[in-house]
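Model the placement of chain B on the given structure of chain A, informed by the hints.
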Amino acid sequence: MNRRRVWIGLGLVAIAGAVILLVAGGLRENVVYFLTPTELEAKGAEVYGAPLRLGGQVKPESVDWNPDVGRLLFVITDGETELPVESSGAPPAMFSEGMGVVVEGSYREDGVFRSHNVMVKHSNEYRPPEEGEHPREVYRSLIDEEAGG
Amino acid sequence: MLSTLGYASVIAALLGAVITTLTGLIGGFKNRPVLIDASRRATYFTFVAMTTAIVAMEAALLTHDFSVEYVSRVGSRETPSYYTAISLWSSLDGSILFWGWILSGYAALVAFVRRRETDGLTPFVLGTLGFVGIFFFGLLAGPANPFGLIVPTPENGPGPNPLLQNHPLMGLHPPLLYLGFVGLSVPFAFAIGALLSGNLEATWLRDARRWMIAAWAFLSLGVIGGAWWSYEVLGWGGYWAWDPVENASFLPWLTATAFLHSVMVQERRGMLKTWNLTLIIGTFILTLFGTFLTRSGILDSVHAFTEGVIGPLFLGFIALLTLGSFVLIAWRSDRLHAPGTLDGAVSRESAFILNNLIFVALTFTVLLGTVFPLIVEWARNERISVGPPYFDMVFTPLALLLLFLMGVGPALPWRRTTAEKLKRSFWLPTGVGVAVVAVIFLLGVRRVYPLVTFGFAGFVFATIVEEFRKGVSARRRISGRPPALAFLDLLTRNGRRYGGYVVHTGIVVIAVGLAISGSWKFEREVTLRQGEQLEIGAYRVQFDEIFTRDEAQRFVVGGNFQAWRGDRFLGVQQPRLNYYPTSQQPIATPAVETSLSKDLYLTLMAFDSEKGEHATVRAIVNPAVAWLWIGGLIVGIGALIAIWPHGRPAYLPELAADLAGSAPMADSLATAASEAQRGEEAVTVGWEEPGS
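Heads up: the sequence lines are chains A and B, in that order. Per the working numbering, the very first residue in the first sequence carries number 1; after that it's consecutive. Per the working numbering, the very first residue in the second sequence carries number 1; after that it's consecutive.
Just so you know, these hints were derived from the structure itself, not from any lab. Do not take every clue at face value.
Derived CB-CB ranges, DEER-like [said to hold, decoys possible]:
1. B:Trp644 x A:Lys43: 53 to 63 angstroms
2. A:Val112 x B:Val465: 49 to 59 angstroms
3. A:Asn117 x B:Val113: 46 to 56 angstroms
4. A:Lys43 x B:Pro168: 29 to 39 angstroms
5. B:Pro80 x A:Lys43: 41 to 51 angstroms
6. A:Arg108 x B:Ile150: 44 to 54 angstroms
7. A:Leu12 x B:Ala379: 25 to 35 angstroms
8. A:Glu46 x B:Pro168: 45 to 55 angstroms
9. B:Gly571 x A:Ala50: 39 to 49 angstroms
10. A:Gly100 x B:Leu109: 46 to 56 angstroms
11. B:Thr203 x A:Gly100: 52 to 62 angstroms
Here a beta-carbon is modelled for each residue, glycine too, at the ideal position from N, C-alpha and C.
Looking at chain A on its own, in the form it has when it is part of the complex (with noise of 0.2 angstroms):
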């Protein structure tokens, strides 16, 4: 009886050890850190590689989409610090310059953030249409924006 509480109680100890190496192990190989680019930048080669979500806004006047080839170039800045992104994939509907964005993806040796994910930064906050407003018109402001960039 003793013997069997011995095996039964090592055969948890086992298990338990096996389930937390493997949580840690994917724990530290998964962990996605959010950062600025000013506090990629101090990092610098620490992260280099690493999957990364990346948080600041739209340069004006800095974005290229060259819809043939499927390839977003930005400018992404916190206002003190600013990292060219090179993005594969349209850019998402609402994307305009100077927007808050997050970007997913890695940062490499030549100083380039390339992502594989564009994200609008948009608050959970909606606001009532105004007086007399259309569905139509809203959708209307919302794409000259975008398109008088």
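What follows is chain B alone, placed relative to chain A:
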């Protein structure tokens, strides 16, 4: 007017819950029939009051009574009636109202079903449900009051969150999830009721388990429904992103599933009493924690939630229930002694125990991944996120182990076994599993996880078929009925066991669907000019034109894309972007062309807003996604079979004799067996291996 009616109803419900708790607990402890009776009536009263509150809210929503603050926040004259009706659960206060109504409904149902029960448990169960009710109705009466007025009355409102009015599934997925979440408070109430009453014998467990299966079924459908909604609405081509909101619904599902397995060990062997109580209580705590996580704003920032009142209140309630449950278990620890012991290392019960360990490990890993960013932000003031790769990496091996056990457990006998028996039970399923792996390997698949999944799936499926075959042939021997009828007999007479196997079949289908869609999905994103074609896999897609459509609540921009699979024309696909006045970002409606083998999934990414001459589209070929929904349906059907009221299962008399002296249920088993002998059909196949 509606606001007054609604608020008065909430106060009445709060009062009803207080009375239920007091009369239930005092009546239960002192055994006063008058008080016990009163607790039942107060439970009915609470349900009527909450129903009135819900009707008042729906009336306010549908008549656009913008004087009610909640309506002014989630309603708009332009929103279609269907989405107006379901915007009841589109914001915090409304969803707590909905939660409270379902809670009161469950409590009334418990009171009604148990109205003639004399085991002394009912008042404690109702009292516990009343206590939980006090918390939710108290929230509704104070910090989350949905019936507050707004002055001056606005002319119109913004409508519900655009994401929540973009797909009809929004009317199905949240109610299912809520029925599951709130339903889990019933087994919790039975556990607490049993601890309070001190009657920790089998009756409470039988009821707790039944209610748990019902809540579990709703929760399963809710989780699958959430994945489906996310697939049809979010436009990224996936169905599960390990988002905290998804995890919140998944965590209690894991522990509830663990309980549904370990409870059998207690019923059969009298073991794991404390463990089962812990699982039930933990499951309910996790539902509260999930609600706290997703509703308190803590996910945006650790520091955000303290600004509201709801977050700290939830946390306090969770702490109170956890502490109270611990104290109760410690108080009753003398009655939680297990008479049974683990006899053999290889047995049904040890398989269940291993199953439970893995479920708990899964719960732990998902929970840790979900709250880890909060811990880091709180401790080091750094902002991080834990991405899907963590969950995939940790979850997949453990889940595969569970899949394997699903084939092992049912084929193992209780107590102990011999090498000879093992060989007899497992050579066929193992052969099937190995054959599946060999065939798929020869077909060119070299990835490890899919291969392992298919092998285990074949193994489990063979075990299930074998179980059904054994059951059918045993029934035919006894009753002489043809195979089809004998098969139906199994499902109707022993739904718990064979319904469980149907659920397992559904899970196998889902596992295969996950493995295929997770491994062989591919996508292309291209900008097409009018008339240009894109080829992806077996599909061809041609961009024709951009169209726009004015709708009252939104402006729709869509693309007409003709699609072919090989030479077969699939019709015109219309992925769309919907512009809601209240959202800075358009909400996508992807076009999904489903088939059993694969889906073509088109999302409109960008378009030429001047002349509509080009459009950027993301095309995804998503194999076997339909299997997830089919598997979910099978799980639901299996759960329905398991819970369907059927005659009292009868047991082989030898079985009862065998159990005598070892299990606490021996007496009731013996009674059942002798009753069965007196019945018209002397012996029915019970849940023991036929012929043993």
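Each hint tested on the structure:
One distance hint, 53 to 63 angstroms for the beta-carbon pair Trp644 of chain B and Lys43 of chain A, holds here, with the actual separation near 60 angstroms. A C-beta distance of roughly 56 angstroms is found between Val112 of chain A and Val465 of chain B, which places it inside the suggested range of 49 to 59 angstroms. The hinted window of 46 to 56 angstroms between Asn117 of chain A and Val113 of chain B holds, with their beta carbons roughly 51 angstroms apart. Checked against the given bound of 29 to 39 angstroms, the beta carbons of Lys43 of chain A and Pro168 of chain B, roughly 47 angstroms apart, lie outside it.
Under the hint 41 to 51 angstroms, the C-beta atoms of Pro80 of chain B and Lys43 of chain A, about 50 angstroms apart, fit the expected range. At roughly 53 angstroms, the beta-carbon separation of Arg108 of chain A and Ile150 of chain B lies within the given 44 to 54 angstroms, and the hint holds. Range check, Leu12 of chain A to Ala379 of chain B: Cβ separation about 29 angstroms, and the 25 to 35 angstroms hint holds. Between Glu46 of chain A and Pro168 of chain B the beta carbon distance is about 49 angstroms. The supplied range of 45 to 55 angstroms therefore holds.
Remark: the range hint 39 to 49 angstroms for Gly571 of chain B to Ala50 of chain A is upheld by a beta-carbon distance near 45 angstroms. Between Gly100 of chain A and Leu109 of chain B the CB atoms are about 49 angstroms apart, so this pair conforms to the stated range of 46 to 56 angstroms. Between Thr203 of chain B and Gly100 of chain A the CB atoms are about 59 angstroms apart, so this pair conforms to the stated range of 52 to 62 angstroms.
The structure is inconsistent with hint 4 alone, although it conforms to all the rest.
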